[in-house]
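Residue strings, one per chain:
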Amino acid sequence: METIFRKTEGLTDALFHYCPGCTHGIIHRIVAETLEELDVLGKAIGVAPVGCGVLAYEYFNCDMYQAAHGRAPAVATGIKRVHPDNIVFTYQGDGDLASIGTAEIVHAAHRGEKITTIFVNNTIYGMTGGQMAPTTLIGQKATTAPYGREVAHAGYPLRIAEMLATIQGAAFVERVAVNTPANIRKAKNAIRKAFETQIKGEGFSIVEVLSTCSTNWGLTPIEALKWLEENMIPYYPLGNFRTPGR
Amino acid sequence: MAKILMKGNEAIAAAAIKGGCRYFFGYPITPQNEIPEYMARELQKVGGCFVQAESELAAINMVYGAAGSGARVMTSSSSPGIALKQEGISYIAGAELPCVIVNISRGGPGLGGIQPSQGDYFQNTRGGGHGDYRTLVYAPATLQESVDLVMEAFEVADYYRNPVIISGDGMIGQMMEPVEFKEIPKRELPPKDWATDGTKGKRKPNIINSLYLDPEQLEKHNWRLKEKYDRMVQNEVRYEMYNLEQAEIVIVAYGTTSRVVKNVISILSKEGIRVGLLRPITLWPYPEKAFDEIPETIKALLSVEMSTGQMIDDIKIAANGRWPVYFYGRSGGMVPTPDAIIEKVKEILRGQR
Amino acid sequence: MIERIVCAGFGGQGVMSMGQLLTYAGMIEGKHVTWLPSYGPEMRGGTANCHVILSEEPVASPIIHEATCVVAMNLPSLVKFENMLQKDGLLLINSSLVNQKPSREDVKAYYIPANEIAKELGNEKAANMIILGAFIELTKIVAFDSILSALRKVFGPTKEHLIPLNQEALEKGAAVVREQ
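Protein chains in written order, with the working numbering: chain A, 1 to 246; chain B, 1 to 353; chain C, 1 to 180.
Be aware that a few hints might be false.
DSS-like mimics (lysine-lysine), calculated; alpha carbons at most 30 Å apart, straight line [claimed, not checked]:
(1) C:Lys108 x C:Lys80
(2) B:Lys200 x A:Lys43
(3) B:Lys204 x A:Lys7
(4) B:Lys45 x C:Lys153
(5) A:Lys193 x B:Lys204
(6) C:Lys153 x B:Lys7
(7) A:Lys200 x B:Lys200
(8) B:Lys270 x C:Lys108
(9) A:Lys7 x B:Lys18
(10) B:Lys344 x C:Lys159
(11) A:Lys43 x B:Lys45
(12) C:Lys87 x B:Lys346
(13) B:Lys18 x A:Lys200
(14) A:Lys226 x A:Lys186
(15) C:Lys153 x C:Lys101
(16) B:Lys204 x A:Lys200
(17) A:Lys7 x A:Lys200
(18) B:Lys7 x B:Lys18
(19) C:Lys80 x B:Lys7
(20) C:Lys140 x C:Lys87
(21) B:Lys7 x C:Lys101
(22) A:Lys226 x A:Lys193
(23) A:Lys7 x B:Lys45
(24) A:Lys43 x B:Lys270
(25) B:Lys18 x B:Lys182
(26) B:Lys344 x B:Lys299
(27) B:Lys270 x C:Lys125
To list a few chain B residues with every Cβ distance to chain C over 12 Å, as calculated [to be verified]:
(28) Leu84
(29) Lys192
(30) Val237
(31) Gly329
Derived by calculation from the structure, the hints in this document are not laboratory data. All C-beta atoms in this analysis are idealised placements derived from N, C-alpha and C, irrespective of residue type, glycine included.
Please put together the full structure from these sequences, using the hints given.
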């Protein structure tokens, strides 16, 4: 029988623990497919965060680490310095990267660490049950912002891609979303370019992926995709912020 | 090999490289800065790599990454910096990775001061990190011993797949003494087939992890770690006994204070007062059984520390009520003077006679 | 035999290197030696000092509580350290910068105008070597040759041309105390 589709070699057979409608699964798949397509799966080493992505080490079919909360870029630095020819990536959420791990991500970028970061931004703490994140939108409700995020109290949502794009060592910075098939294709393309940046040794690369959390947003998966489109993209514009040589 | 006059911090760094260390991640803090400076200068000459991290937190997590990659790796810091590393040390112990951590300690709490202190005894032996774990702790008293123990620490760390802490202080770090780099006993080490270097499509993924969501599995893991720690207790205890014959009092002291105590012993022996020294070289595992070698006839034990009394707890456990345990300590970066210790010894003897 | 020397002065007067050279020379002669510096902010501008112990026996504590010799390169050092000296201990005073007598009368004080002699030699930085020369002359603790070997190790081959100056400084220092 002719095979017309098969699951990527980049993922194990373990079942995802993610909630129905969560877009982590899509992001895992496009990262894994990219590693396979670039033929670097055998030399890939990934670092899982603390957060919903904590079990990513069970899903990616390559050498993996589980790192302390926010420290994945530091762990990846240690790995990459020992194995400069391997492909090292971190997979982090917005609590992990944009809150507790801001120092680590900024300085990995600042050193031009030749690693790739997949930054999943869904504006909320998923695993711990819907607390406010630095990326939570103004007025958005969270269990620790029960009346909606107020600027006077909690400040403005943090735009990570724009911030990192100011750093010389961040060679590739792009923000994408996974709310439509077209955007997913663009997201995969950006992830590919990010890994190529690492393969060519051009510096630090990061793709910020706007993602949904229907469970903690209190929406159906379809409503969540629409909410992302209508609320997140206007505040977190999609696009490329840095590309090597540009 | 001829003796070389070296500063403690540099001798420790040089010994690490001789012990196979090729990666170092650190952050500046007094009084240990000569270690990262030496590593920045020398590691690249031997094909290794030094990275100045953005914080101690980042540094210890870089150690986690490099250790999981199969390398011999070290970090160093001083008291407040070691406090920041505790999170990573717990993860490293949980994931069973080998590494060496040097603490050239200073006075605390808080920012404290920068002069030598032993106020990190609890931090080093109990750990500030969370969970059921232990780290092996060496407390050298001379630079020669520092060099020997640092070189060996890498073997021991690899042997047990566990972090090893070198507990020095500002005096050990800053002083100069002749050292000789001798061959250290090599252990039979299994290959690091658990390390991450890419599957190359030829094996199952290696996973460096300390997460066990199933409590039954975590308990099993923790008891397995405990068995490993028990093996360390069985096999890795080190101590020095000095001048114990006919001693009236045995002083227990380690590192810097043990050197001052040796002066005390020689001064008192001229006055006809015999004092012995039990010097723990491993602070964990603690040389509990060494106390059984102390003559039952001594009148008391005296703990001399550069703290307000931290090791004294371990001494009381080990003494198990056999002798009264006294304490003399200075804190905050002050070093006990021989005169003050002598006075304390005499005071104890006056009370005991 | 045991010598416990405290060398003290301003940062930049070479008190640390004077102590190190003595330590190195002691090691070359097979003695047990330790060198312990003061460290931290007091190094910047204030007094710097080091404790040097040379002994036939292994050195227990490198910290000096009672010195056999104090080198005071400036006035604050004299004030701070003269009380550490044992009875009949050696007190070497850089009289170029110290215009005050010690308060101790139970010690052997020597006055060496180290900066002036060094200036005559053409390099004021050699003041520490003049004091070191005086100390060695008085104690015979190590040979001048050992200091020169230590210097060669510290300087390396590129600074070989500085050896004659340092040798002269050692000898001048020795001559000064021989006459006192």
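Which numbered hints are broken by the structure, listed smallest first?
9, 10, 13, 15, 21, 23, 24 and 27
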